[in-house]
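Chains as they are written, first to last, in the numbering used here: chain A, 1 to 377; chain B, 1 to 331; chain C, 1 to 224.
Derived by calculation from the structure, the hints in this document are not laboratory data. None of these values were measured; they are calculated from a predicted model. Even glycine gets a Cβ: it sits at the ideal position worked out from N, Cα and C. Be aware that one or more of the hints could be misleading.
Unchecked claim - Away from chain A, derived, C-beta distances all over 10 angstroms, residues of chain B:
id: 1; residue: Ile7
id: 2; residue: Gly19
id: 3; residue: Met20
id: 4; residue: Arg49
id: 5; residue: Leu53
id: 6; residue: Leu57
id: 7; residue: Pro81
id: 8; residue: Ile108
id: 9; residue: Leu117
id: 10; residue: Leu119
id: 11; residue: Val192
id: 12; residue: Glu193
id: 13; residue: Val208
id: 14; residue: Ile209
id: 15; residue: Ala232
id: 16; residue: Leu272
As the list claims (entries may be wrong) - Here are the simulated BS3-like pairs of lysine-lysine, each with C-alpha atoms no more than 25 angstroms apart in a straight line:
id: 17; chain 1: C; residue 1: Lys97; chain 2: A; residue 2: Lys22
id: 18; chain 1: C; residue 1: Lys121; chain 2: A; residue 2: Lys6
id: 19; chain 1: C; residue 1: Lys220; chain 2: C; residue 2: Lys5
id: 20; chain 1: A; residue 1: Lys24; chain 2: C; residue 2: Lys97
The primary structure of each chain is shown beneath.
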Amino acid sequence: MRVIEKHRNILDFTLSSLARRKGKNLSLVFVYTFVVFLIASVTFFTHSLKTEAEVILRDAPEMMVQRLVAGRHDLIPMSYMDTIRQIRGVQSVTSRLWGYYFDPTNGANYTLLVKPEEHSTSGTILVGRGVARSVRSKQTGTIPFKTYDGSYLFLRIKEVFTAESELANADLILISEADFKRLFAYPDGYATDLVLHVRNANELPTIATKITHLLPDTRPILREEIVRTYDAVFSWRGGLVIVVLLGVVLAFFILAWEKATGLSAEERREIGILKGLGWETTDVLFMKFWEGAVISLSAFFLGILCAYGHVFFTSSMLFEPALKGWSVIYPDFRLTPVISAYQISTLFFLTVLPYTVATIVPAWRAATVDPDTVMRA
Amino acid sequence: MLLHPAIISLVTGSLLVSGMLLYASYYGLKIIRKWNLLSGSEVQLGLERRTYLISTLMINAMAFQLLSLFLFIYTADRMAPLFVGAMCAAGTLKVNIWGYPTLLLKIINWLLAGIWLILNYTDNRGYDYPLIRKKYAALLFMAPLMLVETAAQAAYFLQMQPAVITSCCGTLFTSDAEGVTAGIVGLPKTPVEIAFYGGMFLTLAVGVIYCIKGKLGYPYALLSLFASVISAVALISFISLYFYELPTHHCPFCILQKEYGFVGYPLYFALLGGAVTGVGGAMIMPFRGRKSLAEVIPRIQRGLAVISVSCFALFSMIVVAGIALSNLRLR
Amino acid sequence: MIEIKDVRKVFNWGRPNEFVAIDGVNLCLHSQSVTVLKGPSGSGKTTLLTLIACMARPTSGRITLMDREITSLPERFLTEIRRRTFGFMFQQFNLIKGLTALENVMLPAYPAGEKHAVLEKRAGELLGLFNLSEKSRAKVEWLSGGEAQRVAIARALINNPSIIIADEPTAHLDTKLSREFMEILLSLARDGKTILIASHDPIVYESDMVERVVEMRDGKIVGE
Ligand SMILES: Nc1ncnc2c1ncn2[C@@H]1O[C@H](COP(=O)(O)OP(=O)(O)OP(=O)(O)O)[C@@H](O)[C@H]1O
Ligand SMILES: [Mg+2]
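Extracted from the complex, chain A is given alone in its bound form (with noise of 0.2 angstroms):
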């Protein structure tokens, strides 16, 4: 084919002719690769943040129902559940044990839940990698808890748990539900929280009204809710990190702009001679195109490749505290890699094209350099 061979042709003289000139290609290449780079981190932190709390949240309740006093999460009374369970199209109900425990030694915040069908020997807990982490580089398999009066209780570490979302599980510690209750002084009769299934989800909502009727001091939540809010906020905060890094976009397209007006005397008499020798216009603007796409897809790979190692294996070291907006004080994790053609298009929208658009009019008056010049120098 012709067309192929004369796309292949050119396309080995772009090469060339990047080749040629090193050092220029090279120093656009690196700046298009950092802005690329810190766009690809934001998506990718963001939407992994996001992946985290649906995995979190996909075996999480339907429905959970906790108790309000003066505004605030309390204790809830066993007794609820009876009422609950009597509504119609109510398949089941439990209760729920579980708190924080901040650790000073470590400064970090655990998550201490009962879990009786899990685990249930006194004394002994399992723990979350996070937790795991940072006891072990004390050399002990034993936490010693700090009670609610002042003692000291001691829980040996029986087994890690890895999961598959990290960020869940990291600071998780399952306890037995007597040393919960010990560690806390917590009353006999009440629970943190509760939760039900429901045998159809398009009753969810009536049944919650029918539970605010009946128990006007509780709060039901639907997991539905949640995970709304949860993908509402993480996207808003990734456009929000990504408009601020609009600025920084812009000064790239600008140098890209003027990088490609700028064109050495050396590459326009280059042109010159191709036009003079028979090349058309069309020619050289396909030059440009590979030109561009060679250096945008090299960029591109580059960036979403440095992005990916700082995010999942890093743990986006440089702009951890500014998005993740949970507490500072956690114990540090590894985000399970996430990636999609979305993203990736995504992406590709917010650095390719506007490089693109940037360098058509640039190539373009490259290309209509006159044939004659050749002629004259």
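Position chains B and C with the ligands relative to chain A; hints supplied.
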């Protein structure tokens, strides 16, 4: 307004494309007013040089439009969890009145850009720029449409309010909802099936004759337009059911998902490609009489016909294979 | 076969710095002839060459090339004609630095879409013709003046043109190299190529092979 990265990129993209089209129209207007091929003056030489810039801008605009079309659907799909009751793009697009018009405009603008480029390509093959004024006049008509699309898209995203109750694709594309889409679903299945299979067969047959013998150009052009429309209708009316293996799920967007092997992409690419090349071939038909194009146009048309016939053939093959391999039996 | 009728080329038309470089030239050049354009600096020789070689369009007048009117053709058609019909030798060698001699010779053929390997073979053969086989992989900036000159000639011939256009080809060559160059042109003329040279070098216009000398002054033809 939702400050979603994808939304920012879609809005930026549309603004850039609009800018490109405005820029192109500005010089298009100049060309319409000042073009004089017989003159060797510098003004004329400058204008001729501009035509290269405008072509380049339009090629880029068309490429971006295609990407933007799919990114738009994808974004709508991803935002479904934000809206109560929306389960996929079909529901999200309905959260306000701008969703579907934006989608439609994106498709139309892409098709127009494609047809324009075919016109441009043809014109460039004639030694006396035979279509120059016509094509730039067409450009003047396209730029406002692109601006409308940009505005509609902005309105869609700006007026979006999460947690508004919307219908999901399950209710939007079942026959008790109103609107065009519901009308399609409500169409009796058998006539649609007959129209689709018959129309497709006829289109392919005429197309093959056209490719080989160069005859029946106008009928083929009309048929290819018909085939694109009826294929879209058939896709919602009955083809989608086989891909989802659900007798009531008519959504045209879910087939773009991984669960269905991304089968929507080849289907839609084939449809868009078939439509643009089919219609484009017809658009240049009236200019066959021009001396400078008399030889060129039949060659271009045949090339376009080969592409569009292949697209429709691909579409039909995927559909037939999908129906044959489906576990769903409708009768 | 090249017919020039009433051709004018005006630079910066309608502006204060308007300049008439070619002023109503009529000329007819026959196939397989060797013609020299001669005249003082600024007389419009180069400009006339660019018009004939489809590099620029005249402001008015008509140029017919092998029975085809080329004056009002769009650039993409002119380029195509130029690539197929003309081979160029410039005042400077105008080789692209950083590329090898072989790549430089191949350049004019790239847009034609010929297979790379075939093209490479043809370019190699041409270089062989000019005793440059060992230099074909050498970067052009390392070549001597005479070698660079021959590479430029090979490049002019890669598309097998029927007309060779040379603008002051001997300006940067010493007497010996200039004579060598004329020898090569002579052999090309014998092969049936049409040759058109602009030059004010006596070695060129007094050479035996030259059949016709056209003299220019201030954009007009003043004698033969
Ligand atoms: N692009 C241009 N704009 C304005 N004037 C030009 C342009 N190109 C050439 N000229 C003018 O046209 C005149 C003829 O130039 P040309 O190069 O044809 O002369 P020449 O006979 O080749 O001279 P030389 O022997 O020095 O090469 C010159 O006075 C030059 O300044
Ligand atoms: Mg000169």
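How the hints compare with the structure:
no.: 1; hint: Ile7; verdict: violated (7 angstroms)
no.: 2; hint: Gly19; verdict: violated (8 angstroms)
no.: 3; hint: Met20; verdict: violated (7 angstroms)
no.: 4; hint: Arg49; verdict: violated (5 angstroms)
no.: 5; hint: Leu53; verdict: violated (4 angstroms)
no.: 6; hint: Leu57; verdict: violated (6 angstroms)
no.: 7; hint: Pro81; verdict: violated (5 angstroms)
no.: 8; hint: Ile108; verdict: holds (20 angstroms)
no.: 9; hint: Leu117; verdict: holds (13 angstroms)
no.: 10; hint: Leu119; verdict: holds (17 angstroms)
no.: 11; hint: Val192; verdict: holds (31 angstroms)
no.: 12; hint: Glu193; verdict: holds (33 angstroms)
no.: 13; hint: Val208; verdict: holds (23 angstroms)
no.: 14; hint: Ile209; verdict: holds (26 angstroms)
no.: 15; hint: Ala232; verdict: holds (23 angstroms)
no.: 16; hint: Leu272; verdict: holds (17 angstroms)
no.: 17; hint: Lys97(C) <-> Lys22(A); verdict: holds (14 angstroms)
no.: 18; hint: Lys121(C) <-> Lys6(A); verdict: holds (17 angstroms)
no.: 19; hint: Lys220(C) <-> Lys5(C); verdict: holds (12 angstroms)
no.: 20; hint: Lys24(A) <-> Lys97(C); verdict: holds (17 angstroms)
Hints 1, 2, 3, 4, 5, 6 and 7, counting from the list given before, are not met by this structure.
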